Structure formats: structure tokens, C-alpha cells
Amino acid sequence: MSARLEILCQNLQNALGERIKDLKTALGEVTLEVSAAGCLETARILRDHPDLRFEQLIDLCGVDYSTHGDGARDGKRYAAVSHLLSVSKNWRLRLRVFAPDDGFPVIASVNGIWPSAGWFEREAFDLYGILFEGHVDLRRILTDYGFVGHPFRKDFPLSGYVEMRYDPDQKRVIYQPVTIEPREVTPRIIREENYGDVPQGDFLRGAGHG
Amino acid sequence: MSPKGTSCGAPAMAEIRNYTINFGPQHPAAHGVLRLVLELDGEVVQRADPHIGLLHRATEKLAENKTWLQSVPYMDRLDYVSMMCNEHAYVMAIEKLLGIEVPLRAQYIRVMLDELTRILNHLLAVGTHALDIGAMTMVLYTFREREDLMDVYEAVSGARMHAAYYRPGGVYRDLPERMPRYEVNKFKSAATVARLNESRQGSLLDFVEDFTNRFPAYVDEYETLLTDNRIWKQRTVGVGVVSPERALALGFTGPMLRGSGVEWDLRKKQPYEVYDRVDFDIPVGVNGDCYDRYLVRIEEMRQSNRIVRQCVDWLRKNPGPVITDNHKVAPPPREKMKGSMEELIHHFKLFTEGMHVPAGEAYAAIEHPKGEFGVYLISDGANMPYRMKLRPPGFVHLAALEEMTKGHMIADVVAVIGTMDIVFGDIDR
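Protein chains in written order, with the working numbering: chain A, 502 to 711; chain B, 5 to 433.
Here chain B stands alone, though its shape is the one from the complex (with noise of 0.2 Å):
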């Protein structure tokens, strides 16, 4: 503006409007496709209106034309970075319709796993929220941990990310005997790979151990990076305040509920599979702001070590069977089908026409690593669910957006979409 337009009397401040930008959909820290529509006055936010759906395949209709086992793989690509947490909800419902009962050992290979994924989530979450705001190589660290858990994805499933491993009364087959090893190629050398073989020796279980052994001190690190650091700090504390009150009225779940101080933890709660038997503690924040979110997900991760760590020494000691020997629900063994006609019969039903689950309705819910995921079903005795409604705990988390970045300068939207832990295969379904 000139310095004449001032001498005709309009005071310059009234040439500064608000105005309106887009975030995203294709911004690095929208964490996936989210489009934000931003009004703001100056660098302060006045109006957040997220759009959602960019990624939306329509996973419960797709879920309504698919037999019952056919859409377990659909629950992996929901949240795709805590893909056995999904699968977990989704076979914990049709087991509530069916009533069937799922052996020990698989209650105890599904809780480690989960837990598992808990730190798998939390590792990217922590991880990418630094990265975000300016700490790029917190983002380094944990993903040289996820690595590792992925390896374990891979031993028990065979895929790195989309497990498919949980089924309707049980998992998929017992845990690897053997841990899968590096070989040499023209990218690692034989020193780099007998480094990494080193835990590798044994049986998966031992993997396990080994890695929850080194797990501690990885956490250590990760807070030497970021828990006195003071631009963390500057970044994190005060920002995305929410009280308790208002977490609960907003339907705040998991870590998100419990940095404000809610003591909330279905596994602690309504515990589900083998929680009742492990000893762990739930975190919970004081200020209900970013930071405490923040060490709520850092100690939860600590805590989920302690769960692995007793499962491990749980399932050294107790072999047994991990699916139902129900042949209505989970297909027979293969050696038996080859040998009887029953079984083959079995076989054949449960992978043309698949289950059949009584009428009824049923929720199952579980303490997801980003809050409660929730999986409702309606059968009507078909062999496909009649409908099925996915709860993912994002979804709610991020219509929350407004109010909590209301006032707040355009830099702490950031922080706020990074301590929300949006993923948006879940928020889109």
C-alpha cells in the first residue's frame, strides 16, 4: 500500500482482511490426504473445516457384498499403520455372534501382537509429529525400531504391513520357530549382515525377547531428543488444550482422553482376551495439551513393552492349539483335509459359501493405539454381514480440529494435527 492511501483517511489496518487458505490435501505434514480450509486473521486461525473423505473406498458396503472372512484384509488397510489392532476388532465382533470360544494361546499371540502394533503406531506417530515441527531426525530413530517390528509382521504373517493374520476364532497359524535372516546382496555387506542376523538365531519368540531387552533404551533415547528439548517444548506445551470435560463431550478416546487426565483404558476397563492377566499401568496426562499427549504415548509404549515381554514368557511355556477346532468357523488342517472326506467338505463350504453367523447384532471394541476402535455388526444369518459400521477413533479426534486450533497461530494447526495421530485410512474407511 502506498504511503498516499494513508492520507486519505482510511486507517491502513482496515486494508488487512482475513483470507482463506487451503492445507493440503497433498501437504507433507496433513498426514495423508486431508484438505483444510483455513480462515485466518493474520497467522491466527479463526476457522479450521477439514475435508474429508479424499480416501474413502466405501470399506463397509464393500463389507456387505463379501463373505465374512473376505473382508479381514479390507481391515488392514484401515488404519494402515496399526493393521492387526483393525482386524482384531473386526474378528472379536463376529466371534461375540457366533459365541464361540478362541483358545488361550491365541488370546495371548493376539495381545502380544497388538501390543506390538501399539508401539509399531506409537513409534510413527511420535516419530512423524517431530518431524512435523521441526525435529527431523526423531523421525530417524523410531524408524529404525519399526523396521524391526515389521520383521516380526513379516515372520508371523508373511506381508510387512497388510497381515491378514487374525481369523474368526483365532490367528492364522502359530507363531515361526525360526526367525527369518538377512542375506548378503550387493547392498549389505556379510559384516552388515551378520549384525543384523545376530537376534535372529532362534525362534521368533526369541526375536521378541531380544528386541523388548533393547526396547527400553531406544525410549531413552528417543527422550533425550525430544522431552527437554526446549523448542519441543515451545512447540508442544499449551498447545491443543483440552479439558477433561470437553475430551469426554468431544468423544475423545485413548491417548487423546487420557493426556487430559481421564483415566480410560478398555483394557484396563473392559478388558478383553488375556488383559486381565497381565500387569501393566495406564499414563495419563495433567494439562491435556500436546506435550502430555505426547509422554502418555511415550510411556504407553514403555508399558505395551512389559505387556510383550509377559507374553513372551507366557507362550515359551504353554504350546497348544491357535484356531478353534470348530470346522464351521476355521477351516480344518491340511493334512486332515487330504485324508477325510468330512473335513474336505469343510473346506470347500468355508471358502465358496464361507461362515454363516446367527442373526443378531454385536459391538466389540478395543483400546486401538489412537483410542477406541469400534466395529458394530448386524447379521441377518447370511454368509456376508447385513451391514457393518466401522468406529474409527480419528474421525471423531479430527472433527475436533476446530475447536482445538481455534485461536491459535497457523504453526501450532500443525502440532495439533500431528498429536491427533491422523491416519486417513481410517478416517475415510
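Isolated chain A (complex conformation) (with noise of 0.2 Å):
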């Protein structure tokens, strides 16, 4: 872990406290993970506290975690994950927050801390349903008028449900019921620790060129 880290560690940890429930660092970048309740205080300590300053919120994306090590995983279903960076500071955070019901996911909006979490909390409702408790505008984005379902979410089949075309007996546009098998081109696997004789973490970090 390079120095900077450390102090970005632990500088998080001197203003945000008992808020932290998880922090790791891994690959270089800094992990946080705060509980659902409070997330929006904890994002104003963020991006205001004189040795954080993350002023700006670069990303933020929904993640269903649902199937995920092929369902060997268990915890909160939607997680709700930003990336910050300050750009006075010169470091980046990752934060991630879950939705405490599976059934009806919702977690407070940043709209009002960082304006540009606006059409990426939108998008999250959309790919996720992923309610952003206090949004202002927290309409459909990416998806068609009128689309029902959110597309991104595990059980949601790549084919989707409804197709379009141009009916020429109508004269219109229909949608009806998709006509297309859904089809798999390579399985998904994953593969048992020391797959091919060799130990997972190892080969890739040991063997490489030179």
C-alpha cells in the first residue's frame, strides 16, 4: 500500500469514525463501505472535511449482487457504488452503500451534494430500480417510454420480454411478446482454486513476461 493511501486510510478514519463499516484497500484504490442510514451525512463529511475534499462524484452505478460467485454470496442484494475523486487533493474513493430491503431498495440521493449524481442516480432507477430518496426528478433514462421492468437486474433475461416492429396490417408500431430463443454462446464458469495445476492468485502475478 503506497504511503498516500495509508494517510487517505487514515484521515477517513479520524472524520468519519463509527460510520465506517467496512474499509479496505486493494489494486491501489480505497474501498468504503457506510450503512444505508446516514450515508448522506457521511457524504457531505466527504466531500467537505478539510482532509478528504472529494468534490467531485466522477461515478456512481447500481450492482445486483444476486448471483454473484454463482450465488455462493450472502448479504444485501443492491448496492448503490460511487466513485469520488478530489481533485485538490489528487486521490480517489470508492463508496459503496446497500439497500437494506432486497424487496423495495431504496437509499438516500446525493443529488443535492454533488449535482452530477442526478442522471446517474436516474440511471440506476431505471437499469436497477433503485429508489434515490430525494431526487427531484428521478424519472426513466436510458430505457424506452413506457418500458416496464429494469433491465439490469439478474433476473432480467438478456432477450428481454417485448419486441418491436412495424405492423403492416395496423400501419403502426406494435410490441408484442420477444420471438427470439435466448441462447448461450459460452457458458459462464468458474473455476476451482488450482484450476490446471497451478495456483490462481500465483499464476498470473508470478509468470507474466521478463
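Because the hints were derived from the structure by calculation, they are not lab data. Misleading hints may appear alongside valid ones.
Unchecked claim - What follows is a list of derived Cβ distance ranges for each label pair:
1) B/Phe147 with A/Tyr676: 54 to 62 Å
2) B/Arg185 with A/Lys525: 50 to 58 Å
3) A/Pro669 with B/Gln238: 47 to 55 Å
4) A/Ile675 with B/Asn26: 18 to 26 Å
5) A/Asp670 with B/Val48: 41 to 49 Å
6) B/Pro184 with A/Phe648: 40 to 48 Å
7) B/Glu339 with A/Ile675: 50 to 58 Å
8) A/Arg641 with B/Glu158: 38 to 46 Å
9) B/Phe352 with A/Tyr676: 41 to 49 Å
10) A/Gly661 with B/Met165: 40 to 48 Å
11) B/Ala163 with A/Ala573: 51 to 59 Å
12) B/Gln238 with A/Tyr667: 41 to 49 Å
Fair warning: this is a prediction, and the values are worked out from it, not measured in the lab. Where is the CB? At the ideal position from N, CA and C, for every residue including glycine.
Assembly of the complex is requested from the two constituent chains, each provided in isolation within its own frame, with the hints serving as guidance.
Spelled out as C-alpha cells, the structure:
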């Protein structure tokens, strides 16, 4: 871990204290997990604290963890993951907030703290159905007008439910159930450890060029 | 309204109401499929509501059902005017998860092509921006140079636009020794072909070097057309002003942020590949208006030209591998595969099952011509991503359209869309 990341972790510990649910450093990136309750206040501290100063929300996305590791993982299903950037301190942070209720995922909106969150939250709502409490304009953004469902959820089929075509008899565009069969080109596989007689973590880091 | 109407007491002004118009999705100045619902008071914009998603292809969902390698060509189709930069962020995220080293020559090739892509992108951005607000000639000039760069793309990858040239662990192949030449046909006479082939007698690097020699004079030509042009300045100076504080809050990156005077460039501040070994400057604007952002783009083209030239010099002197020799990630060369059983198995496994990426998550960001392009990958150890999130710069910029155009005339909306350098491939994903 580089010295800068240690400083960042230390500053986060000092500024947030009890609010931190989990703080990890991996691959040169710091990941902070906080609970949904009070995440708005946490966000405000992250932006305004003189030792943190995350002025920019670079990205915010929804994640559906329901089939992670082929279902080996337990925990909450939906999370909103944000990537923050401090231009003045030149560091980044990943902030993860899990929605407490899987059936009705609600997370507080950070739109008021970082205006750039507005469209990202609309997108996460559209694709994952995560409701952002306090968002002023939570409409669908990427899917079609009148779309039903949340297409990026893991239980939503890749080919969707409806297709659109021009109907020459009715002389208009109509929606109908999809006519294509779902098709799997490459099956998804998670190999066991030591697959092919090489220790998983090792072979990629050890062998390499040079 | 008849003169009679005024006589019955109601003032004539009361008849004028705000009205709503649809701008796009099939409007030439909408830079693709942007549907903009504008509420106007006379000619003044009161409200602007962009409706996006008309080009949504669910790239992120598709990637969850493809092997890591199969998604590389999808990246080209995001921002389809800066193809290789998109690929770059994606392969960098995979490399971060894998923890593999990229050969130095491949890093230089990537930096050179990224900078050529930046020129390619800015040529289109400046050219079409000028076209949108009345300077027709500009686009003819910039597309002349784009043609040369498209030829570079074709020479290295075989495709003019959708290159699919970057691979996790390096690039697909080394730069070609011979630059392809034009041939005489019914549209091109022998004299034309001879003129076109003048710079194509040597290798690709010779052609690129020749381009870098010619290019500064071309930029001067663009500046002659626009920089002091009275009409251009009337349409851009003081239009779409964003203060530095506001630009940061709105999540602006790239020329949109630098135009407001914030000195922030990932190539300098968080260098990746070999950007810490090349010499270049970051231009910043002062006023944060459309004109300053135009000047930033022009200067960025000159700086990119400098970087390209340094890369060409290095690449000439330093031959070497261009892709990692870890055959769990990159395929073995064809010759070896024919002679060795183990290499054959590697090849077979890589192109059927695909590589496995250790479980974890990584975010890789590059200084894309439009701003920060980021790829966030979550892997659970499978042969495909568990979740991929693309962070397109244009998405964030377009979200600020209402703030930038409120109170401006409707004609300025076009100037603001142009300055944002909107491309729908990456906004809608």
C-alpha cells in the first residue's frame, strides 16, 4: 500500500470513525462501505472535510449482487457504488452503500451534495429499480418510454420480454412478446482453485513477461 | 391578432405564452439522437430537458454475458470517434485485476495511438462545432486530416474505425513495416495517386512522423479560419459560461473542466502507461465559455502532436514484444501454436472458455479526448465480468445542458451542444 493511500485511510478513520462499516485497500484503490442510514451525512463529510475534500462524484452505479460467485455470497442484493475524486488532494475513493430492503431498495439521494449524481441515480433507478430518496426528478433515462421492468437486474433475461416491429396491417409500430430463443454462446464458469495445477492467485502474478 | 383584440382591454403581450418545442432526435445539430424538449419564452430558453437512450444497446449487460476478450470490440462502438481510447480504459481495468505487466513497447504504441485518437476526436469536435454554428468550411479542412489518421487506424488494425486493437496484456500486433498505398482506379488518376502515396513510401512510423511534421501547419489553418473570426467569436465568447467551482460540482472532466481554468489532466496528475516519460503541457482556459474550450481543444491537438512525435522516436529505437507472454491471458504466436501441444491447448482454452480474472473489483480511468472515461469492473472469478460500468464523460456533460443554456437564446443551445462534444455512442451505451 502506498503512503498516500495510508494517509487517505487514516483521514477517513479520523473523519468518519463509527460510520465506517468496512474500509479496504485493494489493487491501489480504497473502498469504503457505509450503512444506508446516515449515508447522506457521510457523503457531506467526504465532500467538505478539509482532510478529504472529495469535490467530484465521478460515477455512481447500481449493482445487483444476487448471483455473485454463482450465489455463494450472502448479504444484501442491491448496492449503489460511487467513485469519488478529489481534484485538490488528487485521490480517489469508492463508496458502497447497500440498500437495506431487497424487495424495495431505497437509498438516500446524494444529488443535493454532488449535482452530477442526478443522472447517474436516474440511470441506477432505471436499470436496477433502486429508489433514491430525495431525488427531485427520478424518471427513467435510458430505456424506452413506457418500459416495464428493470433490465440490468440479474433475473431479467438478456433478450428482454418484448420486441418492437412495424405492423403493416395496423400501419403502426407494435410491441409483441420476443420471438427469439435465449442463446448461450459461452457458458459462464468459475473454476476451482488450483485449476490446471497452478495456484490461482500465483500464476497470473508470477508468470508474466520478462 | 387583430387590431380589434387590443381594443377590448387585454394587453397584446398577454397573448404570448411560453411554448415547448422538440429539438431532435433527427436534427443535424443534435450530434446524433438527442431529443431535447425546450421550453421557450420567445427565443429565450426557459427549460431544457434532454431525453437520451435512443441509442441504448445495453453494452454493460451484454458484457456480463461475453468473455472478457469478446467485449473489446463493443468498446469501439461506445464513443465511435475515439475508438482506441475506449478500449484502452477497458483493457487497463482488466490488467489491473489480473495484475499483469504490459511490455513497454506496447505502452508506447498505446500512448501514440491514444494521442492520434485525441487529434481525430478534436478534429471532429471542432469541425462539427463550427459547422453547426455556421462555419461550413471548417469541417472540410478537419476531415481532410481525419482521413490520414483513419488510414493509420486501418494500417495498424485492419479497420478504419472499429479497431479492436488493444488487448489485455498489450496490443494485437506490432506496427506494420509497410504503409498501405493507394492504387489507380476510375476515381483516382495516376497523378493523384502519386501525390497521395508520397508520404506512404516507408513504414507506418514514417507516415506518422510525416503527419506530425505537416500537422502544426494544418492547425494554423484552422486557427486562421476561426480564432480571430468575428462571427465565430460572436457565437462562442461568453456563451455557456461555467465557473470552476460549478464545473467541479457538475462532475466535468477533460476540456470542459480545463476550459473553466481547472488544471486537471489524468495524464499528468495520475499518469498511466508512459505519460510520465513524455513531455507535454496542459492548456487551460480562463473564462469557461465555448470559445475558451475551443482554444483548449486546439492547443491539445498541438500537444498531442508533440507526444506522438516523442513516441515515434522511441518506437523506432526500441523493438520488442508488444503483448505479454503470459499465455493464460494472451494467445501464443501462431507459429508456436502449430508446433507445441501446450500452446495449442492455451490457444483453444483462450478462445473457447476465455481467460479467468481473479475475483475483485477495479476502476480504471483514462484521459479520454472528451474527459474522464472510466471502466468499473467487478469480477467473481468467472470467465466473464460480473458487472461492468462505463463512465462516459459526455453523459455527465449533457446532464448539465439545462444549467448551461438556461436564459440563452435558442441558437446558443446548438453552440453549447457543439462545445460539449456530444457523441451518443457513449452517452447511451
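Checklist entry - Okay, which hints does this one fail, numbers in order? => result Of the numbered hints given earlier, those the structure breaks are 1, 10 and 11, listed in rising order.
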